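Protein chains in written order, with my numbering: chain A, 1275 to 1680; chain B, 1275 to 1680; chain C, 351 to 716; chain D, 351 to 716.
Among the hints, a few may not be true.
In the DSSO-like style, the derived pairs of lysine-lysine whose C-alpha atoms are separated by at most 30 Å in a straight line are [unchecked claim]:
1. D:Lys366 x A:Lys1521
2. B:Lys1671 x A:Lys1680
3. A:Lys1463 x A:Lys1512
4. D:Lys623 x A:Lys1671
5. A:Lys1400 x A:Lys1550
6. C:Lys366 x C:Lys623
7. C:Lys623 x D:Lys366
8. D:Lys602 x B:Lys1463
9. C:Lys623 x C:Lys602
10. B:Lys1680 x C:Lys623
11. C:Lys366 x A:Lys1464
12. D:Lys602 x D:Lys366
13. B:Lys1463 x A:Lys1680
14. C:Lys602 x A:Lys1680
15. A:Lys1671 x C:Lys602
Some chain B residues near chain C, calculated using beta-carbon distances under 10 Å [as the list claims (entries may be wrong)]:
16. Leu1302
17. Leu1386
18. Arg1403
19. Arg1570
20. Ser1571
21. Ile1573
22. Met1578
23. Ala1610
24. Ser1639
25. Leu1641
26. Leu1666
27. Leu1676
Bear in mind the hints are in silico, worked out from the structure with no lab data behind them. The structure displayed is predicted, hence computed values, not measured ones. Quick reminder that beta carbons are idealized off the backbone N, C-alpha and C, glycines included.
Read off the chains here:
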Amino acid sequence: MADLGGADGPAFRVQVRDWLKANYPPELRDPARTDPEAVWGGRAFVGSDDPQSVWMRRAAERGFTAPAWPRDYGGGGLSPAQTRIVEQEIAAGGYRTPLASFGVWMLGPVLLEYATEDQRREHLPKIVRGEIRWCQGYSEPGAGSDLAALATRCEDMGDHWLINGQKIWTSYADKADWCFCLVRTDTAKKHEGVSFVLIDMTSPGVETRPIRLISGDSPFCETFFTDVKIPKGNLVGKVNAGWEIAKRLLQYERQNISGGFGGGGGAGGIAGDLGKIAADYVGLDETGRLADADLRSRITRNKMDFRALQQTIARVAAESRASNGPNAATSIIKYAAAAMAQERSELMVEAMGAQGLGWAGDEYSPLERQAVRGWLRSKGNSIEGGTSEVNLNVIAKRVLGLPDPK
Amino acid sequence: MADLGGADGPAFRVQVRDWLKANYPPELRDPARTDPEAVWGGRAFVGSDDPQSVWMRRAAERGFTAPAWPRDYGGGGLSPAQTRIVEQEIAAGGYRTPLASFGVWMLGPVLLEYATEDQRREHLPKIVRGEIRWCQGYSEPGAGSDLAALATRCEDMGDHWLINGQKIWTSYADKADWCFCLVRTDTAKKHEGVSFVLIDMTSPGVETRPIRLISGDSPFCETFFTDVKIPKGNLVGKVNAGWEIAKRLLQYERQNISGGFGGGGGAGGIAGDLGKIAADYVGLDETGRLADADLRSRITRNKMDFRALQQTIARVAAESRASNGPNAATSIIKYAAAAMAQERSELMVEAMGAQGLGWAGDEYSPLERQAVRGWLRSKGNSIEGGTSEVNLNVIAKRVLGLPDPK
Amino acid sequence: MAVLSEEQSMLRDAAKAWTQEKSPVRALRGLRDSRSDHGYDTEAWNEMAQMGWAGVIVPEAYGGSEFGFLSMGLILEELGRTLTASPLLASGLAAASALTLGGSEAQKAEWLPKIADGSTIATLAIDDGPHHAPERTALAATASGDGYRLNGRKTFVLEGMAADLLVVSARGPKGIGLFLVRADAAGVNRTRLQLADSRGAANVTFEETPAQALAGGAGLLDQVLDRARAGVAAEMLGSASQAFETTLDYLKVRVQFGQPIGAFQALQHRAAKMFTDLELSRSAVEAALAALDVDSPEAPELVSLAKAKMGDTFHLVSNEMVQMHGGIGMTDAHEAGFYLKRARAAEAAFGNQAYHRDRYARLQGY
Amino acid sequence: MAVLSEEQSMLRDAAKAWTQEKSPVRALRGLRDSRSDHGYDTEAWNEMAQMGWAGVIVPEAYGGSEFGFLSMGLILEELGRTLTASPLLASGLAAASALTLGGSEAQKAEWLPKIADGSTIATLAIDDGPHHAPERTALAATASGDGYRLNGRKTFVLEGMAADLLVVSARGPKGIGLFLVRADAAGVNRTRLQLADSRGAANVTFEETPAQALAGGAGLLDQVLDRARAGVAAEMLGSASQAFETTLDYLKVRVQFGQPIGAFQALQHRAAKMFTDLELSRSAVEAALAALDVDSPEAPELVSLAKAKMGDTFHLVSNEMVQMHGGIGMTDAHEAGFYLKRARAAEAAFGNQAYHRDRYARLQGY
């Protein structure tokens, strides 16, 4: 790959580093840890001159919100190697991701693959610029792991589509501008009756209701569609051929979730070295070992597992550097990362003892309260974006080639 | 139950104790730990005056080889409570089981339930007296967990049955006199084409071949039947109705295997306290704890599990004292006991370190060599008499009522 | 289930009927949402006290029924099934044990009848820091007149806000022992804890607080703690059993891929393993309670076994409850989260699994 | 699989072709049944040596190819797949590392060329007792003339019967260090061990045995051990991968209840978990070897991680290999038992999982 050698490699890295230094708003000192701190984009950010919006717009102009996308659609037009350099420099400098976006992570890649030229020109630039925030309308009350059991109806009314039904676990639907949505266009078939549509959340008949989780947060919603009309052009791909798009998008989602776990946190986790935090709460014995030997063994297993996972993510990346799409390792990494992140959260609250049981109030430090909420939030790691059970099925069948029952 | 009170309780216990003291051959000081030391009975023992045979015959005369069986068939005719007292006194006194016998443990109970009066009178007294040693012809190369897939043919030749086929894992077939055997009498059906027959192992056409195991022992055989003729009267129950008998017998087998594990050993295990043995090899630190803290936690989990298992066996016995048959807890105990016994064997060799890797030779103590062979032998705990997978299926479906897939 | 006497069966049936009717899980939810300082529903507690539950282990001479620990365990198990918040464990079991085993005639006469009729709430205050380490308490008891003065701090005191009487472990002139402190005594300062499991607890500080000693020193402390631990284990047994049964029901009705998800073998095996663990844990808990009833020398080992095994099982079952319910189990509207949160608090109470594995091994000499 | 250089790919392919053809598992079975004292097939070793494998980490100046540890790991991985018994790890990796890192010019010149061409077999002798505890050795080295005298005992010395040269850890005047001892020197007494995994090893005693010191003390000992550990881990990676693949094949062909047993979801999930563990372990092993190649300061941590993770994985996979094969896996006629026995011996070699978890935690300061 030419872009790795000579002026395209180290020189490009210096360019990127300089640009970041010059353009990052000094007000955004810390990397975003919580949802409100992240730069999610959307109509709410358009025209705003708070530092987050400024940072997002500057990065978008430079092509850094979607570095690998074609320039034609507002992307950076960068090679995989250059994209990696941009990501590395943003992480190394402690800068916030310029745009946290389901549009960039999930929808964009499948639009590039499956959408018409008109659809791409309509939606991709707005994603890149963070003008439209997207949410995902996949799961339904009766269609969780068995996603293809979805029942939300989409009827062809001649000049428009008519949508009726209910989605659940639509992340941030209450804050999103548009929704990419799986709908049923044929009730006689299962997988072959699914289509992929795009819905403006301001359309009449769309209603969202946040779901309160055991952690106390409400990142997900129930979303109701009652006689919602959408233009004919909002269907991506062919009618009844949405299942392939849906699966492809899920691969991008899992890859993205796995990537998030790799750093040691994952949705719900708190940062910091588990061994050191445990030492603060449990103390060391006279040989310098954690005073709770039983806990120490379990912490060490978890730390080792996490490091082996990071090594695996790095190895998989090195092995498939040329390929830009998700690969067979995605399910393995997603499964392992979820288990490890949950175990880590459990060990964190165990290490904190009675201080790891607090819900609120001044008797608990912010770190302690965050650990408890994070522990509860982490239970979702093995459910959202494909349950661990589904991931194990995928590994067994698609990676290992084990047969279906007759 | 009247036999628990007054003269029938404590008085009976004293009677038993006295009788044992008076009749146990002083030469048999230690309880039997290995196969050759156990009193298995069989034609080889008939007429022998070695102490084992003497002990077996004396106990048989007193009704203690099958205490709960009716007197009519040579049993002790004792109530469940009295049977328990006999078992307790034999164990408490460190006496060997007077007769280790698949006839007593497995075949006898189903003969009592399913056989004709003639069959009972023919076989039960010889079992009680240890004159005939039985083996079990169940598994075949193509019928392991899926036992009902068995293919050994049994054809009705008018005045006799003709047997052709192969059995595997027939324990001690090379030392047995007779075999209780599952055979196929209808090839068009699966479960409904199985019958239960009794085969004299000295019949022409019966051949056995010991199977060498990974532990170096050969307790199991392959058994071949080539045009073996057996009398019509050797079929138990109705033709093609053997599957119910087979399952009932398996329940007794699992109950028996589970009982064996309860003491802490199980097939393959070596006796002794795991904590103390580990302390001998690993040493204690200055606080009196095992110097290997990681091993210590795992040993403690295993010791706790075993104790909870023993408590469970006692609890189940207390709950179902009135009932004499196997119950729903059998699969649970069998599954748990196998897992714990295997874990214990693993911990034992780990605690012994390099001394737990020896196969033979004077550089290893008898205990060490026994630990290694026992560890390897214990791998069978979760396979023989119903695999752990089958036991989990049974618990899930029969105990918990979970459905079969549609 | 242990073989019960007729008396015990009646007690169990009464507890089951009452908790199912009067104290389902939504009662705890209501308590949580009311943000009461108290930690339990006082009306419900009055009903429980009227049924005599607070006096089950109190000697008849002091107004109790002296039914024993297995009987108390049966009630706690039923309370655990519906996650009923009450001071029964802290007051009627733990503090009552302290007074029964270590109280003078006068102390017993003063407190036990009021504990037995539920009019006084008493509790234990044991740990100074975030981890259970009763042998390492630094709270100081200095002799003063015919009593003592306490100075120091206790954390995670169950029902600490509601308690009238605190049984406090402290380091006195003769080593560690237990001391009686009136909650309204001088120098007592209580701060309410807002716990994840929505139960009542407090951090408490003592400054020159007057106290009376109980007799028995560190040995008494051990005995009292073992009674409290066995009680928590019994409550956990009920909670874990209910969590399992609710999950099992869901496995039978939730359909995905055209099947009840309970038809999938991987989930079947996990359910079978959980049930096996529950059966083993039940045996361990009942054996520990029975050992306390006969004051067996094996009681410390058996209690540590019960608390550790039950802790592992409730930990597993509460996690699997959420996982097997999928997304719905993650919502606050479902009961799963209440069992999950209660599991971790109960695991930590009076020593978690790691503590009790270590203790078991120490008791066995390795 | 790490991204390989062309040279490494060729080496790996050659090792794979040779082991599959010349050294399948039945070669180990034959060796076992022949009851040879030697512990490996000398003809096979000669072929391996001719391919240059014994010199892969030896500097070019001393007749090696200096390809490094990742390259050596590729060969060991292939040897591990077929459970090939050879002195490559003991001599060509461990002892060669000791001489390369701690040998004087004269010592290197004397021994390394002969190790690299396979004509000399060298090995490490580290532990005095049944457990790996290199820092606790009691074997004494006392100064004598321009060298030392050794007195004491070493256990579980790999290839101890075949070795011409022993690299012995001992406690000398300046603390713990490594010493060179000729196997035919005075006072060396070797006893063959009959191991469950059928590999060659010996217990060795030393009585006033003349020895030469290597330079580097306890630091050298650590470095050498880490190289040996990484090598064992690489061999285990091959063995565990093959054990898994053999089992996976069986799951696809063994029919019960009208299904290939690999169609049962409970077994599918267990297979998927094993594969996940194998992938994580491969990453850990390759990262450790790569760290040794660049002499990274993180190498000790990464080696302990690799040995512990790989140990857990091989332990699991070898147990599942037997269980998933059912009865046939219990027979000596099947290969499963060979993998099972090898797993435990390899787990114990140079520190088991518990040892390396403890070491990892110590290195991380908790």
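Inset, instruction - Quickly compare the C-alpha distance for Lys366 (chain C) and Lys1464 (chain A) to 30 Å and report which way the hint goes. - result: violated, 46 Å
Inset, instruction - Mind checking the alpha carbons of Lys623 (chain C) and Lys366 (chain D) for me, to see if they're no more than 30 Å apart? - result: violated, 41 Å
Inset, instruction - Against chain C, run the beta carbon of Ala1610 (chain B) and see if the smallest gap drops under 10 Å. - result: For Ala1610 (chain B), the interface hint holds, since the closest Cβ of chain C sits about 5 Å away, which is under 10 Å.
Legend entry - Interface hint compliance - Leu1302 (chain B) to chain C, C-beta minimum distance less than 10 Å: violated, 32 Å
Inset, instruction - Verify the proposed pairing of Lys1463 (chain A) with Lys1512 (chain A), using a straight-line Cα cut of 30 Å. - result: holds, 15 Å
Legend entry - Hint consistency between Lys602 (chain D) and Lys366 (chain D) [alpha-carbon to alpha-carbon, up to 30 Å]: holds, 24 Å
Inset, instruction - Could you check if Leu1666 (chain B) really has its C-beta closer than 10 Å to a C-beta on chain C? - result: holds, 4 Å
Inset, instruction - Would you mind confirming whether the straight-line C-alpha gap from Lys623 (chain D) to Lys1671 (chain A) stays at or under 30 Å? - result: holds, 13 Å
Legend entry - Satisfaction of the Arg1403 (chain B) interface hint, Cβ to chain C closer than 10 Å: violated, 37 Å
Legend entry - Hinted pair Lys1680 (chain B) and Lys623 (chain C), Cα distance within 30 Å: Holds - the C-alpha atoms of Lys623 (chain C) and Lys1680 (chain B) are around 23 Å apart, at most 30 Å.
Legend entry - Minimum beta-carbon distance criterion (10 Å), Ser1639 (chain B) to chain C: violated, 20 Å
Inset, instruction - Take a quick look at whether Lys602 (chain D) and Lys1463 (chain B) sit within 30 Å of each other, Cα to Cα. - result: Judged against 30 Å, a Cα distance of about 26 Å means the pair holds.
Of the hints listed earlier, those the structure fails to meet are numbers 1, 5, 7, 11, 16, 17, 18, 24, 25, in rising order.
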